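Residue numbers (our numbering), protein chains in the order written: chain A, 3 to 280; chain B, -6 to 265; chain C, 126 to 371.
Heads up, some of the hints might be wrong.
[To be verified] In the DSS-like style, the derived pairs of lysine-lysine whose C-alpha atoms are separated by at most 27 Å in a straight line are:
| no. | chain 1 | residue 1 | chain 2 | residue 2 |
| --- | --- | --- | --- | --- |
| 1 | B | K73 | C | K343 |
| 2 | A | K263 | B | K245 |
| 3 | B | K73 | B | K15 |
| 4 | B | K49 | B | K99 |
| 5 | C | K343 | A | K121 |
| 6 | A | K263 | C | K291 |
| 7 | B | K169 | B | K222 |
| 8 | B | K243 | B | K20 |
| 9 | B | K167 | B | K23 |
| 10 | B | K73 | B | K49 |
| 11 | C | K291 | A | K121 |
| 12 | B | K169 | B | K126 |
| 13 | B | K222 | B | K243 |
| 14 | B | K49 | B | K23 |
| 15 | B | K49 | C | K249 |
| 16 | C | K144 | C | K291 |
| 17 | C | K291 | B | K99 |
| 18 | B | K49 | B | K15 |
| 19 | A | K263 | B | K169 |
Just so you know, the hints here were simulated from the structure itself, not pulled from any lab data. All values reported here derive from a predicted model rather than from experimental measurement.
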Amino acid sequence: MSTLASVRGLSFRYPDSQRWALRDVDLEVQQGEVVLLAGPSGCGKSTLLRCINGLIPHMYPGELQGTVTVDGQEVAATPMSHLAQTVGLLFQNPENQIFMFSVERDVAFGLQNLGVPRKEMRARVDDTLRMLGITDLALRAPHELSDGQKQRVALAGVIAMRPKLVILDEPTSLLDPRTALDVVDLIHSLNRTHGITFVVVEHRLELLIPIADRLVVLAGGRKVMDGEPMEILSDGRAAEFGVSVPPISRLYDSLGREGMKLPRVPRSPEELAEEVER
Amino acid sequence: MTLIEFDRVTYVHQTTGGTALKDINLKVEKGETVAVVGENGAGKTTLVRHINGLLKPSQGSVRVDGVDTRETTTATLSRKAGIAFQNPDHQLFSDSVENEVRFAMKNFGFSDATVAERCDWALGYFGLEEYRKTSPLILSGGEKKRLTLACILAWDPSIVILDEPTVGQDANQKEKLSQIIKMLKDGGKTVILVSHDIEFLWPMQPRLVVMSGGRVAADGPMGEVMGNKELIEGARVTQPQLLRLYLALKAKPRTAFLEVQDAGRWLSGGAP
Amino acid sequence: MYWLAGGFVFRRVISPFHKLDPRVKLLISGEFFVLALAAFSIVEVAGVLAAIILTAAVAKSLRRIGRVFVFSAGFGIFIFVVNIIFGLGLVSAVLYSVRFLAIISSTSVFFVTTSPDELEQIMKWFRVPRDVVFAFVTAVRFIPVVMLDAFQIMDAQKSRGLEFEKGSIPRRLRNTIPLLIPLVVNSVIRSGELAEAMESRAYGSTPRPTSLYGLSMKWYDRLVTIVSLVLTAGALYIYYSVRFPF
């Protein structure tokens, strides 16, 4: 597996601020991974995402130290038009990412901006709509869509540009749990079938743990934990850093400390019940 | 005593013509804690908006403290039932935090002395005293949410309705929210929570009302209602992890685990 | 107000008129507008109005455009009364009020049958700058969203005891502040998020963005264009050569 994105010694401070939003962060994202990024509010997650896709420093100037490289290109030195074809960023509220009056035109938005010729654009739009399972929504207006559908349309708009890395900023926070699970399934299938690398920021970890290859925890602008998801969650320190640890993981950890170390880290309550009964 | 009563309430949207609530019958007693769950569009938000009169039923009636909501105004009903909406940015507008807190009380006609006293209390309790003279618009997301709660509790309604209070909140903020809800319960308030966050609700063991397709699909103690897997999944709601664990164990304690510590102790051979 | 505005809002309908190239629709509306303006007599103006009604029927949008009639009728009566008061005569009064009706409904015909996407294409064809076109499209797209915001803000403030309908005029004006400020703040926040999303999708990379759809005239577009131009010329000829009694 090759390294797709590499963050080295990254520190960033916003112009009018005394404190550092990010301090000395080192992170590597491998091609094909699904990386989960967690941490309490204000820990710098949003800032880190914007450093990777180029909004920092191109749209938000500030004091930047260290380097961020994606697909061999150094982010600070590459224009957004190039970066947009390598890294896509999906923001929290899908409503504010759908500009056009119809779904298919919005999916085409990025391609229009890049000057893609019409025939190729048409093919890519149709292809993307199919990938996201929204072909039947092509001519609908955004205000006619449900929250889950809007989320897919916004994601389609990003994926139409065929980025290798897609970053999602709390994609499920405004969705109900069932719709959220649908989105997680979608991310999983896009990752497995099309090899898209994902970095997902989330509070609701239990939803994404099943598909995450790695969990990175940020706190106070620094990276404090980085490794296998279930192991990190089952490590009592995660909760101290302000991460919402699902009950089963907390239980596994507390049982371990009481002297009852289970052989495997359980991924669900049913698994834990099995382990205990053995 | 029954504080809120829905009697065969049906609600039809004027513009879309869709029926959002179908024949709802619900009684809430003073001091109860009720959680309303269900997928988006099931009618949760529509239901609670009937309590303070923002919406009036197309059929049937809603009575709050004995008064039919159609015979009075939202302003009057809000004195008794305060709703904390999901998005603080839909509410905050004043030039200072203290004026923001005072706003509702002034609208309700409280005396100057009461307004000042309640404002002091609210700012103190929610840790917003240092921001007293600051503009509410520049506070952080978490602070804004605290502020909207402070605004409501300042006028001391007997019914407090929280619409999706945990959205976008991290673990620490949720913990603080739990404490606030406990404070409200201890203070005898009637609390109604609209939420997706089943794990957050589980330790509280509220009365659970499950909405599905505009109807009440289930209504009872959370422990019991959640046990009905078919019904819960039919309403597109998830079961809490600790309950699932309890159900999966062959040898079980008398009651399901409410907190991780309870499960930990029982499993490692501690408490019965 | 809301109902009335519907007379100028696009609705997706399948009709022969809707299928026309938007430039042709613009042309036809423009022709109605000009003919309504240039008419000398009631007979002529009534003729234009009849043509508009016929077009609305072909576009299966009689009810929509009918709303505009209702609105214009009110103002038209006002014009009528003013004419009578100033002693300009019955004929003149009827002429001006019916003319007003025709002018307003001619513009309605265009807006009801042309989608925002088509409006965008027309603007591009007229070489309107890319940023202006984008601003227009985004504004139209967010109208329902901003309206929803406004309702939610009103609900939130009503739940804090604010009564929008009570009190004197100055009081009511002051009561709009808790509605306007959050609305503006939300719009500003929204603009920021939109800007981030635009940047992240390479907006502004090229001065000439391509587009998914283009405008192209079909045979029926050309036919309708020619026929309408001929009819318009004919009508103008009649205007200038025939003297109607009233």
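Ascending list of hint numbers which this structure does not respect
1, 6, 7, 8, 11, 15, 16, 19
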